[in-house]
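Please take these sequences and the hints and turn them into a complete structure.
Protein chains in written order, with our numbering: chain A, 1 to 392; chain B, 1 to 500.
Hints in this document: simulated from the structure, not taken from any laboratory.
Computed from a prediction, not measured in an experiment: that's the story for all the values here.
Mixed in with the good hints there might be a few duds.
[Stated by the list, open to error] Each computed DSS-like pair below joins lysine-lysine, with the alpha-carbon atoms no more than 30 Å apart: (1) B:Lys489 - B:Lys420; (2) B:Lys497 - A:Lys295; (3) B:Lys496 - A:Lys295.
[What the hints assert, rightly or not] Non-contacting residues of chain A with respect to chain B, defined by C-beta distances greater than 12 Å in every case (computed): (4) Pro156; (5) Ala205; (6) Pro297; (7) Gly346; (8) Arg361.
[What the hints assert, rightly or not] One-sided excerpt, in silico: chain B residues whose CB lies under 10 Å from chain A: (9) Pro14; (10) Pro41; (11) Ala47; (12) Val53; (13) Gln103; (14) Pro193; (15) Arg337; (16) Leu367; (17) Thr369; (18) Gln469.
By construction, the Cβ of each residue, glycine as well, lies at the ideal position given by its N, Cα and C atoms.
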Amino acid sequence: MTQEAEPEVERITATAGDIAAINLESARQRSWNRFWRTPELPGVAELIVEQEQMTAQFIGDLAAFDRLETLANELIRAEPLSARAALIAAQVACSTHRFAQARESLVQAVACGAPADAAERLLLTLDQATGEKLNAVLATRRARAARPDRWDERLPLGALLADLGHFDEADRTYSQALRDYPDVSPFPLASLCFQLGVLWGEVVAQPQAELAARWYRTAIDYLPCYVKARVHLAEIYLDQGRTDDARGLLVPALQSGDPEVSWRLADIAASAGDADEAALHLALARTGFEALVAKHPRAFADHAVEFYLSSGSEPARALELARLNLSNRPTLRAYEQARCAALAAGEADTAANWSADACERWSGIAAFRGSPLAQHFAAADPTPLEHTHVRT
Amino acid sequence: MSDHIDGPRSIGDPSIDLTDLFAFISPDNPARTVFAADVFPSAGSSAVFSDAVNHAIVARRVTVAGLGDAAKFQAGAQEIRFDFRFDRLEAQPGSKAGARPVQHGTCTLPGGQTLRFVVNDERGAATPDGVFRVFAGLRSDPFLLAWLVGELKPFQNLLEHDNVLCFLVEFDTQRVLNPGQGSLFGVIAETTPVPKAGSLVGHQVTRFDWVGRTEQTNVRLNNARVKGDDLRDLWNQQTPFAIAPEFAPIFRKRLVDSLHEYDLRDGKEDWSAGQLAASANVFLDDFLLIDVARPTTDTSYLEIEKSTLNGRPHQSGGGRTVNTRDIDILLTWIVNRDREPLQGGATRATKLGLNTFPYLAPPNTELQTVAESVALNAPADKVWALIGPFGAMWHPLIAEIRLTGAGAGQLRTVESIDGKRIIERLDAADHARRQYRYSGVSGMGASNYTGTLEVAPNGEGSSVTWRVQYLSDGQPTIIIRTIVATLQKVGLESLKKRFG
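Structural data, given as structure tokens:
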């Protein structure tokens with residue numbers, strides 16, 4: 001799949017990114033104050049979940065996950081038998097990729113009378129994240145996205161289509177969502193542009209870096225504080241030798257504490273021959289990843305695997321974390337990553353076993369045909385494949 | 001809430017979400033009228049207006065076109081419109097890095113004249129002839145919601161300490177509204193997208209939100225006890241003063257069903273079918289009515305509608321002042337048709353409104369929360385045995401504790417190792433749940449200072465959570481926060497050393 005034409009990047013009118021970020025932080029803090037005063041206040045805990053997830057996703061403040069766990073624990077203490085406490089516990093567990101726990105809490109929430117729509121929405125997220133019943137998930141996602149006034153359902157539909165290898169339809173879904181956007185918040189717009197960047201830069205079989213870069217730039221234009229978009233764009237610039245541009249993107253994002261920023265700054269310093277600065281940033285990245293993995297192992301295992309397979313240079317640690325990730329969610333990408341980690345750690349048998357498992361489980365989907373795992377089977381060649389960068 | 005978070009779409013960007021609309025005769029000058037509207041429910045102290053939204057307050061002259069069961073308010077075609085737009089943020093000239101940026105705005109007045117202002121400047125801005133004066137900025141939320149409406153149960157004010165972003169215009173009634181041609185007006189507020197010249201892409205919606213009378217969406221249209229789809233987004237997309245004819249029957253039926261359900265809440269039927277239908281028709285024409293030739297008071301809200309439905313001329317200016325207890329008034333009317341006053345669990349909002357410009361009270365100070373927790377490799381009971389007694393000496397920064405009294409109300413005087421003295425009162429202790437609450441009496445430089453210490457089982461071990469909330473009172477927030485956070489961190493780390 002290729003897209004030759006320039007993407008439609010005319011900016012839709014949206015609240016300026018700095019205003020939106022200030023207002024998110026303002027509303028988030030206010031919500032917490034309301035929650036601490038009256039935890040059972042209807043809607044407040046639910047709002048905090050949304051605000052903290054946005055803070056993690058867009059501002060790169062990963063302490064949001066700690067705060068979410070506090071929220072879930074406090075709510076369960078305040079309302080141990082309520083459906084909303086169980087549903088929020090499930091949402092929080094899901095956000096830190098504790099999928100089994102999330103399913104348990106969701107079952108409890110449904111038994112206590114949680115709203116059917118919210119329960120179905122979370123179940124879809126869980127099934128999609130863990131690669132369960134994807135055909136059924138796709139059918140339900142399509143139906144939900146077709147409902148009027150459910151614009152927000154199009155993003156997870158696009159992501160699922162991309163995961164399954166339906167790249168054209170994923171692109172159409174995202175592009176249509178951009179055209180139909182009914183709000184002025186820049187967060188969903190930035191997210192859409194970011195997803196389009198990932199689609200064209202990392203998911204399709206033949207990535208198109210320039211196209212991806214354009215979407216990442218648009219995402220940052222909507223939301224200058226969008227750390228993930230900055231990191232992804234910096235990776236492209238780094239590949240293109242534009243180290244100053246990459247550095248310019250990353251330095252303002254350092255304050256977020258996201259270790260991926262330090263990791264890429266280490267790469268930039270290394271490419272410029274500054275070993276001391278590279279070592280400093282690498283140490284910061286390593287400390288950051290280990291701190292995240294210690295607190296939320298399942299949520300950050302796959303990110304840390306990528307680090308340890310490349311600049312982090314610890315294949316054994318990468319394999320350990322890849323194994324954890326695979327056991328938590330046996331998706332095609334998790335298999336791809338785990339296989340790379342096993343090969344890097346010199347465990348060819350383990351890699352072969354995982355390849356076979358992946359083939360049995362995923363060969364039926366379109367995305368498998370473009371996967372390194374499929375190439376491995378087609379070639380029937382035991383030569384280890386190069387590590388393929390897998391963004392999860 | 002009045003119109004707070006009134007639909008799925010509003011949850012996307014709170015700064016486009018209209019919460020309330022007010023229209024009243026200025027208590028400071030009866031020759032002037034005030035229109036005010038609020039956006040951003042539960043805005044934090046740093047909240048600012050969206051630069052992508054047009055905020056408008058619109059009035060139309062209204063006539064009474066029917067009385068009793070034929071009650072009808074007919075709005076004219078001519079609009080008197082006030083449009084507020086806000087700029088992007090600017091750094092204050094000469095300010096240090098990290099200083100709060102400033103936001104400017106522009107109000108377009110009827111006739112096209114524009115007036116520039118600075119957000120949060122309490123003096124506002126006025127036209128040279130003094131006819132118009134405008135304000136925009138963060139204020140204490142004047143709305144009082146002291147009910148669990150679904151259960152019709154009085155409750156504490158759910159919006160206590162909340163702030164909103166307010167935009168407001170005060171003007172010379174005679175010169176702007178010319179009441180000689182008719183003094184009854186319908187008023188609405190709306191948020192709409194700012195059009196982008198020459199754009200090929202754009203919003204599918206023409207309006208994000210609008211508000212007329214209190215609680216059209218959250219109470220009347222979205223009554224949780226009436227089955228049916230959530231109509232709030234559909235309602236928000238209607239054109240004020242001109243509900244689409246194809247949707248009017250849907251909204252009318254929902255209003256009738258909802259009002260009937262409210263009528264039966266107290267087990268008595270106070271409304272006949274004809275009266276309910278008439279009331280639904282009046283609420284369907286959703287604009288805030290004000291008669292600028294008559295006085296508006298804190299109790300005159302809905303009087304125009306009620307008198308008209310009762311088949312007689314109205315007596316007051318109606319409108320809605322910032323101190324109106326509108327939910328009490330509304331519930332009393334729709335539940336028992338004013339047979340018996342219903343009163344919520346609080347009688348005033350966090351702060352009473354002002355009698356002078358800008359009428360809404362200054363914003364509430366943000367309640368600060370500092371919370372720390374630690375996971376320990378020891379059973380909860382064992383940890384509680386050490387730290388649970390209110391006078392327990394376990395904190396390394398505390399040199400001495402003296403207790404006065406016993407049980408709830410007990411005082412502890414804490415001497416820190418650096419010589420500070422803090423006095424705290426035990427509010428409640430629940431040893432079964434391994435939790436106690438206390439409040440500060442003196443020594444912390446903060447008001448409303450409360451703390452909670454709690455131990456909970458955590459797998460085979462336990463977790464200790466220590467949470468403190470306060471309002472800054474004399475000292476900068478950051479200083480108190482640092483003191484509290486240090487106390488918490490050092491204390492909890494000492495438990496980690498002790499229990500692992």
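*Should the interface hint for B:Pro193 be scored as holding, given a Cβ-Cβ cut-off of 10 Å against chain A?*
holds (6 Å)
*Should the interface hint for B:Pro14 be scored as holding, given a Cβ-Cβ cut-off of 10 Å against chain A?*
Nearest chain A Cβ about 6 Å off; hint holds.
_Hint status (Cβ of B:Pro41 to nearest Cβ of chain A, threshold 10 Å)_ = holds (9 Å)
*Straight-line alpha-carbon gap B:Lys497 to A:Lys295, limit 30 Å*: Roughly 19 Å between the alpha carbons, so the hint for B:Lys497 and A:Lys295 holds.
*Against chain A, run the beta carbon of B:Leu367 and see if the smallest gap drops under 10 Å.*
holds (5 Å)
*Hold the hint about B:Gln103 up to the distance rule: shortest CB distance to chain A must be less than 10 Å.*
Given a least distance of 8 Å, the restraint on B:Gln103 holds.
*Are all C-beta atoms of chain B more than 12 Å from that of A:Pro297?*
holds (15 Å)
_Restraint check for B:Lys489 with B:Lys420, where alpha carbons must lie at most 30 Å apart_ = Distance ~18 Å between B:Lys489 and B:Lys420 Cα, so the pair holds.
*Decide, holds or violated, for the assertion that all CB atoms of chain B are farther than 12 Å from the CB of A:Arg361.*
At about 33 Å from chain B, A:Arg361 clears the 12 Å cut-off, so the statement holds.
_Restraint satisfaction for B:Val53 [CB to CB of chain A, less than 10 Å]_ = holds (6 Å)
_Given as non-interface: A:Gly346, which should sit over 12 Å from chain B by C-beta_ = holds (35 Å)
*asked:* Min Cβ distance, B:Gln469 to chain A: is it shorter than 10 Å?
replied: This hint holds: B:Gln469 lies near chain A, its Cβ roughly 6 Å from the closest one there, short of 10 Å.
Violated hint: 15 only; the structure is consistent with all others.
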